[in-house]
Amino acid sequence: MKRMITVLTVLIALAGGAASPAVAAEVMDIIKKANHMAYYQGKDGRARVVMAITDAQGRAREREFVILRRDDDGEEDAGQKFYVYFNKPADVKKTVFMVHKNLDRDDDRWLYLPALDLVKRIAASDERTSFVGSHFFYEDVSGRGIYEDTHELVEENDAVYVIKSTPKDPAAVEFAYYINWIHKKTFLPVKTLYYDSEGKLYRTYSALKVNPVDGHPTVTRAQMEDHRSGGKTVMEYTDVNYDTDLPEDIFSERYLRKPPRKYLR
Amino acid sequence: MKNLSIILLVAALSFGTVASAQEMTVQEMTVQETTAPETPLPELPEGLEDLFSDEPLAETPEEPARRGGGLPFDLSGFAEGRFGLRLQDDPLQKDISLGEARLQLDAEKSWEGFTLNLVSDFILDPVADDYDIDLERGRGAVDLREANLVFSPLDFVDVKLGRQILTWGTGDLVFINDLFPKDWNSFFIGRDTEYLKAPSDALKVSLFFDAFNVNVVYTPRFDADRFIDGHRVSFFDAMRGGTRGREAPLRDLRPDDWFSDDELAVRLYRSFGAYETALYFYSGYWKSPGGLDPVSGAALFPRLDVYGASMRGPVGAGIGAVELGYYDSADGAASNPLINNSEFRFLVSYEQEIGTEFTAAIQYYLERKLDYDAYLASLPAGLRAEDENRHLITLRLTKLLMNQDLTLSLFNFYSPSDEDGYLRLNVSYKLRDNLRVEAGGNLFYGRFPDSFFGQFEDASNLYTGLRYEF
Numbered sequence: 003m004k005r006m007i008t009v010l011t012v013l014i015a016l017a018g019g020a021a022s023p024a025v026a027a028e029v030m031d032i033i034k035k036a037n038h039m040a041y042y043q044g045k046d047g048r049a050r051v052v053m054a055i056t057d058a059q060g061r062a063r064e065r066e067f068v069i070l071r072r073d074d075d076g077e078e079d080a081g082q083k084f085y086v087y088f089n090k091p092a093d094v095k096k097t098v099f100m101v102h103k104n105l106d107r108d109d110d111r112w113l114y115l116p117a118l119d120l121v122k123r124i125a126a127s128d129e130r131t132s133f134v135g136s137h138f139f140y141e142d143v144s145g146r147g148i149y150e151d152t153h154e155l156v157e158e159n160d161a162v163y164v165i166k167s168t169p170k171d172p173a174a175v176e177f178a179y180y181i182n183w184i185h186k187k188t189f190l191p192v193k194t195l196y197y198d199s200e201g202k203l204y205r206t207y208s209a210l211k212v213n214p215v216d217g218h219p220t221v222t223r224a225q226m227e228d229h230r231s232g233g234k235t236v237m238e239y240t241d242v243n244y245d246t247d248l249p250e251d252i253f254s255e256r257y258l259r260k261p262p263r264k265y266l267r
Numbered sequence: 046m047k048n049l050s051i052i053l054l055v056a057a058l059s060f061g062t063v064a065s066a067q068e069m070t071v072q073e074m075t076v077q078e079t080t081a082p083e084t085p086l087p088e089l090p091e092g093l094e095d096l097f098s099d100e101p102l103a104e105t106p107e108e109p110a111r112r113g114g115g116l117p118f119d120l121s122g123f124a125e126g127r128f129g130l131r132l133q134d135d136p137l138q139k140d141i142s143l144g145e146a147r148l149q150l151d152a153e154k155s156w157e158g159f160t161l162n163l164v165s166d167f168i169l170d171p172v173a174d175d176y177d178i179d180l181e182r183g184r185g186a187v188d189l190r191e192a193n194l195v196f197s198p199l200d201f202v203d204v205k206l207g208r209q210i211l212t213w214g215t216g217d218l219v220f221i222n223d224l225f226p227k228d229w230n231s232f233f234i235g236r237d238t239e240y241l242k243a244p245s246d247a248l249k250v251s252l253f254f255d256a257f258n259v260n261v262v263y264t265p266r267f268d269a270d271r272f273i274d275g276h277r278v279s280f281f282d283a284m285r286g287g288t289r290g291r292e293a294p295l296r297d298l299r300p301d302d303w304f305s306d307d308e309l310a311v312r313l314y315r316s317f318g319a320y321e322t323a324l325y326f327y328s329g330y331w332k333s334p335g336g337l338d339p340v341s342g343a344a345l346f347p348r349l350d351v352y353g354a355s356m357r358g359p360v361g362a363g364i365g366a367v368e369l370g371y372y373d374s375a376d377g378a379a380s381n382p383l384i385n386n387s388e389f390r391f392l393v394s395y396e397q398e399i400g401t402e403f404t405a406a407i408q409y410y411l412e413r414k415l416d417y418d419a420y421l422a423s424l425p426a427g428l429r430a431e432d433e434n435r436h437l438i439t440l441r442l443t444k445l446l447m448n449q450d451l452t453l454s455l456f457n458f459y460s461p462s463d464e465d466g467y468l469r470l471n472v473s474y475k476l477r478d479n480l481r482v483e484a485g486g487n488l489f490y491g492r493f494p495d496s497f498f499g500q501f502e503d504a505s506n507l508y509t510g511l512r513y514e515f
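Line order of the protein sequences matches chains A and B. The first sequence begins at 3 in the working numbering and counts up by one. The second sequence begins at 46 in the working numbering and counts up by one.
One thing to keep in mind: the hints can contain errors.
As the list claims (entries may be wrong) - A few chain B residues facing chain A, derived, Cβ under 10 Å:
hint	residue
1	D151
2	E321
3	Y395
Claimed, not checked - Result set (EDC-like, lysine to aspartate or glutamate): computed pairs, CA atoms no more than 20 Å apart in a straight line:
hint	chain 1	residue 1	chain 2	residue 2
4	A	K90	B	D246
5	A	K260	B	E91
6	A	K264	B	D119
7	A	K95	B	E125
8	A	K95	B	D166
9	A	K122	B	E402
10	A	K34	A	E77
11	A	K186	B	D246
12	B	K444	A	E176
13	A	K186	B	E91
14	A	K260	B	D203
15	A	K260	B	D246
16	A	K260	B	D119
17	A	K264	B	E157
18	A	K96	B	D478
19	A	K187	B	D246
20	A	K260	B	E157
21	A	K234	B	D119
22	A	K234	B	E402
Bear in mind the hints are in silico, worked out from the structure with no lab data behind them. All residues carry an ideal CB built from backbone N, CA and C; glycine is no exception.
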């Protein structure tokens, strides 16, 4: 009897082991495509972004900036560089925020403060904190490493894949898991629901509007809601362009101190 | 015919609605059976399905909002009021340490690769009560911060010509190779940190090569610090053996001949991966008085050359930096107690995020006199000898709260060798995007009345300010 149980256990384990890699590979394929669509369309891109931040009391805050993005040469969907030039609010006007996104270690971040002519290196290592006071996190803007979570296809219908992602290092993040709705035809993530350890939904990302830009389906309006505080941020993209042949040296100290007006219009 | 197609279209649309309603029911059922989300299938974003219709939408037609308010140039700035009180009685100063209304206008105009920047402050300051404009010393009703032209004559060359704010190096409120002018008065009395930097009238040429980059800053006439001279903050005068204030401010003899009393600052820099390295050279004068004229008692700015280097990059979970400099003081300084010794200066720093939107940074800084024996030997009797080494430790804590509208900040300088220090506290809250209220303190402490920070003990103050930005 005992031996039979052992044999059975082994068989089940083998069957399970044989079946899951195939499924996992398929899920990983979806995740990779979704990651590409969300953060890596074209080899570079630029957009003017307006953020409308509202808190639970209805107080409104606004941010306006131009964001430039360039994918590093070499490996696809890997390192990237971002240049963010602020126009609003007035106290951060002409301030520049620059990120060199690395997959193998913490991102490198700089801040340029024009009134002091100061190029400051930012030590912030927590990617899951507010980006410029909005309800979006740094990670929502620049992307979360796809190997930081385990992904599981929990659902699908004609329109979307529903994928549940669980962090490999739960201590490093504030969520227990998140559910991502990925549009089947485009692989655009259209909704992301974040749950806490009690299984309670506390944060929701929604793509609100999609436009074709230079042949790329592009989310031009998106929203992040914080259900705990009752606040939300709506991000609106205008003047979106892809493959503008951004030179790599734009993302260097030279252009922190001397903004590349041609690309910031 | 046209009617028929409309009917067909309506039929198709309603069929689509029915079909998706059915799907929805099926979807909801499956959702309940499995463990997954409690929320129903989301509505797809506007425009997503149109991507696949026969007649896709036109590509993003939105016009960006244009700014400028009809002006032919870009204008911004702020209006602010600031008020501060001394915590201790200083008989040599007014009780009100800060009381001013300030308007800053920032105009920028770009054309054909040229950019013109003009930034000027207009100040009503009854504490200083001095409205005669002196753009060099930053006194009076107008403080011209920037007036410069930026252009690139060649692909790899940037030029910035005119009045400008200049900063380099790795220190945080501690400077070794940044020998551009500082305004210590503004810093100590509680103006915004941006006023720690005083403008330079200079030509900055930057060259960018594959292997390295170079900045050359030429200042045709020496730009001194806006140093503590007694006008706003009293200081200890070792020669007189006492404190001097607004009635007897320090006079100075500054080198001021165009093109001969000039300054040159050079930085060579490049990155190795994430690590930024730089070499520095400076040839000019001590920026704050570095000597005394024994006859007139006036402050002097002896010759100074500085050779330095720095490196900055990720260390562990934070950012580390190291910087050093050799200060080669004027000829004969070694055995002249009235002129600053040559010095070796060293700084090491580390900054890390230690909590949610909570950052800590520490720095250790050393100033070492290089001809200490000669200095001691030549020191007149009765004057207290300075230490050979001045050690300084700084701590910065910054915490953001309430969607980053509230900032709490603390910066402390502490010198174990001088047994003194300086604590800067600031709380700032954004009432609206363009309206900020703040309060803070500048607290000096020390065992001796003549040490670097100890001499300013009576200048300790609390201040508050309100700023409207546009």
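Are there hints from earlier that the structure breaks, and if so, what are their numbers?
-> Those not satisfied are hints 4, 5, 11, 19, 21.
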